[in-house]
Amino acid sequence: MNIFAYILMGFLIVCAISVTFSKKLLNSILIFMSYSLIMSIIWMLLESPDLAITEAAVGAGVTSVLFFVTLKKINAMMGEDEQNEKEE
Amino acid sequence: MKRKNNAFFRWFFGEEDTLIGKVEMKAQPEYEQKEGEIRELMEERAQLREQIYDVRDNTKLKLFHKMYNIAAVIFCITLISILLVNVSWLPHYGDGDNPVNNEVSARYIESGLQETGAVNIVTGMILDYRAFDTFGESNVLFIATVTVLILMRLDKEKKAPAKPGVEVYSKAEDDMTMTIAEAQANDRIYEPKNDAILQKVAGFLVPIIFIFGIYVVLNGHLSPGGGFSGGAIIGAGLILYLNAFGFEKTERFFTEKTYKWICFVALTFYCLAKSYSFFTGANHLESGIPLGTPGAIVSSGLILPLNICVGMVVACTMYAFYALFRKGGF
Numbered sequence: 001m002n003i004f005a006y007i008l009m010g011f012l013i014v015c016a017i018s019v020t021f022s023k024k025l026l027n028s029i030l031i032f033m034s035y036s037l038i039m040s041i042i043w044m045l046l047e048s049p050d051l052a053i054t055e056a057a058v059g060a061g062v063t064s065v066l067f068f069v070t071l072k073k074i075n076a077m078m079g080e081d082e083q084n085e086k087e088e
Numbered sequence: 001m002k003r004k005n006n007a008f009f010r011w012f013f014g015e016e017d018t019l020i021g022k023v024e025m026k027a028q029p030e031y032e033q034k035e036g037e038i039r040e041l042m043e044e045r046a047q048l049r050e051q052i053y054d055v056r057d058n059t060k061l062k063l064f065h066k067m068y069n070i071a072a073v074i075f076c077i078t079l080i081s082i083l084l085v086n087v088s089w090l091p092h093y094g095d096g097d098n099p100v101n102n103e104v105s106a107r108y109i110e111s112g113l114q115e116t117g118a119v120n121i122v123t124g125m126i127l128d129y130r131a132f133d134t135f136g137e138s139n140v141l142f143i144a145t146v147t148v149l150i151l152m153r154l155d156k157e158k159k160a161p162a163k164p165g166v167e168v169y170s171k172a173e174d175d176m177t178m179t180i181a182e183a184q185a186n187d188r189i190y191e192p193k194n195d196a197i198l199q200k201v202a203g204f205l206v207p208i209i210f211i212f213g214i215y216v217v218l219n220g221h222l223s224p225g226g227g228f229s230g231g232a233i234i235g236a237g238l239i240l241y242l243n244a245f246g247f248e249k250t251e252r253f254f255t256e257k258t259y260k261w262i263c264f265v266a267l268t269f270y271c272l273a274k275s276y277s278f279f280t281g282a283n284h285l286e287s288g289i290p291l292g293t294p295g296a297i298v299s300s301g302l303i304l305p306l307n308i309c310v311g312m313v314v315a316c317t318m319y320a321f322y323a324l325f326r327k328g329g330f
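Residue numbers (my numbering), protein chains in the order written: chain A, 1 to 88; chain B, 1 to 330.
Chain A extracted, bound-state conformation:
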């Protein structure tokens, strides 16, 4: 169990660093989402299931959905066709 916790902590740090370094905002949000999921598993290991449920519902669910909507609002989420057009 201890090793599992250490692996999760490592994932947490990797996620936290790669959120800031990923160039696409969409990728940042996805990584942030996985950060929240790992965090909720860690809350389970720390024996606080109340927090784990809230973290999974709010952190991984609602917050990232709001981020997606915001990205769409500021027109930062490009479809694949538009990207191809730009490259051509």
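A portion of the hints provided could be inaccurate.
Unchecked claim - Label pairs and their calculated CB-CB ranges:
(1) B:A71 x A:I74: 47 to 57 Å
(2) B:T255 x A:L37: 32 to 42 Å
(3) B:I80 x A:N2: 24 to 34 Å
(4) B:G295 x A:L26: 43 to 53 Å
Don't read these hints as lab results, they were simulated from the structure. No residue lacks a Cβ here, since even glycine has one placed at the ideal position from N, Cα and C.
Start from chain A and add chain B according to the hints.
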């Protein structure tokens, strides 16, 4: 009923806004610059820089710039190391002698079950001993929605052009602001309408999510969870339903009016119930509300209704956030 016809009452009943045309932002005159002027300015600036700092020969300045970078790095590293050293002085995790383990938490753990009747100590704490904090939290959620409403709200129709003679910065001239109908049309640019896969999956998942959320809310005093987590789950289910079936389906049961009334009723009930409890149950007076047998679903006094209140507020807030962000109204 006859009412007085002065400025305040006219403002109160929405007939006339006395502030229109007085406090709005006026548009700034656009600042134009010719190309020649810009070039002159740039040359002047370069000349000034050379005269004052003597960039080519000034070794001191070069040294200063280098030292500045090095000093910044050193400052950052020192700050990080100071913070890390502080972290190492924090009490060890899980130690019995930590300052966290004082008589307050001991009291909660030992006599929480008898005093609140909740099997889940956490819920007993946040909705009984510290119910007032939770009331503040639910109010914060409501206020946050109101703020988002102020910021993101869109007009139903385009604004009429401003009156002649009154120069008012009108938002209608900007391309950024849209009416609700335009926003709705714009909303579906990147998404297929009536996606069959999404609708099938949502049809299976949404009822299960709702039932799980209601279970978490109702069993807040028996098992992990409670008003906030259950409300967030229900809100996520509502968002999924909205994504799959669109605004026409959700507006049949959830509009701005529904949101207003649900939040009003829940928050008022919470406030009245808890103030009653503070008047009678605080300081170990008899509250008169039976605690019931611990473990039964109807037990632990006011915690179950308060959980339902918090859950309703949170679920509505999550949905309202999403709808406001996406469409500017709901």
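Hints and how they fare:
1. Checked against the given bound of 47 to 57 Å, the beta carbons of A71 of chain B and I74 of chain A, roughly 37 Å apart, lie outside it.
2. For the pair T255 of chain B and L37 of chain A, the beta carbons lie near 33 Å from each other, so the given range of 32 to 42 Å is met.
3. Checked against the hint of 24 to 34 Å, the C-beta distance between I80 of chain B and N2 of chain A comes to roughly 27 Å, which is consistent with it.
4. Range check, G295 of chain B to L26 of chain A: Cβ separation about 47 Å, and the 43 to 53 Å hint holds.
Hint violations for this structure: number 1 only, all remaining hints satisfied.
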